[in-house]
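Counting from 591, one number per residue, gives the positions in the sequence shown under the numbering used here.
Just so you know, not all the hints are guaranteed correct.
Restraint-style ranges between C-beta atoms, simulated for each label pair [unchecked claim]:
| no. | residue 1 | residue 2 | range |
| --- | --- | --- | --- |
| 1 | Gln645 | Arg615 | 22 to 30 angstroms |
| 2 | Gly697 | Gly719 | 23 to 31 angstroms |
| 3 | Ser721 | Pro696 | 23 to 31 angstroms |
| 4 | Thr610 | Ser695 | 22 to 30 angstroms |
| 5 | Gly719 | Gln599 | 51 to 59 angstroms |
| 6 | Arg602 | Arg639 | 40 to 48 angstroms |
| 7 | Thr716 | Thr605 | 19 to 27 angstroms |
| 8 | Thr716 | Gly678 | 19 to 27 angstroms |
| 9 | Gly702 | Phe604 | 34 to 42 angstroms |
| 10 | Ala616 | Cys656 | 15 to 23 angstroms |
| 11 | Arg634 | Gly697 | 16 to 24 angstroms |
| 12 | Ala651 | Gln600 | 31 to 39 angstroms |
| 13 | Ser603 | Val677 | 17 to 25 angstroms |
In short, the hints are calculated from the structure, not lab data.
Where a beta carbon is used, it is the ideal one built from N, C-alpha and C, also for glycine.
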Amino acid sequence: MNRCVRLSQQARSFTAEKLTQCSVRASCADLALATAFLARHGVRADGSRLFTRSQAKQVNAVMLTCGTYDAAGDFAYRVGLPGKSGVGGGIVAVVPGRCTLCVWSPGLDERGNSVAGVAALDRFTTLTGLSVF
Numbered sequence: 591m592n593r594c595v596r597l598s599q600q601a602r603s604f605t606a607e608k609l610t611q612c613s614v615r616a617s618c619a620d621l622a623l624a625t626a627f628l629a630r631h632g633v634r635a636d637g638s639r640l641f642t643r644s645q646a647k648q649v650n651a652v653m654l655t656c657g658t659y660d661a662a663g664d665f666a667y668r669v670g671l672p673g674k675s676g677v678g679g680g681i682v683a684v685v686p687g688r689c690t691l692c693v694w695s696p697g698l699d700e701r702g703n704s705v706a707g708v709a710a711l712d713r714f715t716t717l718t719g720l721s722v723f
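From just these sequences and the hints, can you work out the full model?
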């Protein structure tokens, strides 16, 4: 019985820690602003440099190839922008040299990405022609 109680306490502790690490209260505007330095090649809004141009390019490349879990290839094909999704349904996408976008919708697909969010970003890049491809 003691062993079960300890496992239950460990599970609760793990779950609480996971929620703390994965749950940041932020709006779409907050996320877009927080990542805008990636669209500006590593430069903050105040003009100071956060990343070198090379580092920003590397982060964008990782986002393009890995940022949407196992759907990265489909996301690159449909949206054509570096992006990072989260289990809460948010997706941040970078239009290098222009802006960052953030969408949110809680309905996730089988790979953990927002169904409506991917569709909205797909529509945006199709209508505007803003894509890295």
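Status of each hint after checking the structure:
no.	hint	verdict
1	Gln645 - Arg615: 22 to 30 angstroms	holds (27 angstroms)
2	Gly697 - Gly719: 23 to 31 angstroms	holds (27 angstroms)
3	Ser721 - Pro696: 23 to 31 angstroms	holds (26 angstroms)
4	Thr610 - Ser695: 22 to 30 angstroms	holds (23 angstroms)
5	Gly719 - Gln599: 51 to 59 angstroms	holds (55 angstroms)
6	Arg602 - Arg639: 40 to 48 angstroms	holds (43 angstroms)
7	Thr716 - Thr605: 19 to 27 angstroms	violated (40 angstroms)
8	Thr716 - Gly678: 19 to 27 angstroms	holds (25 angstroms)
9	Gly702 - Phe604: 34 to 42 angstroms	violated (19 angstroms)
10	Ala616 - Cys656: 15 to 23 angstroms	holds (21 angstroms)
11	Arg634 - Gly697: 16 to 24 angstroms	violated (34 angstroms)
12	Ala651 - Gln600: 31 to 39 angstroms	holds (38 angstroms)
13	Ser603 - Val677: 17 to 25 angstroms	holds (20 angstroms)
Consistency note: the structure conflicts with the earlier hints numbered 7, 9 and 11.
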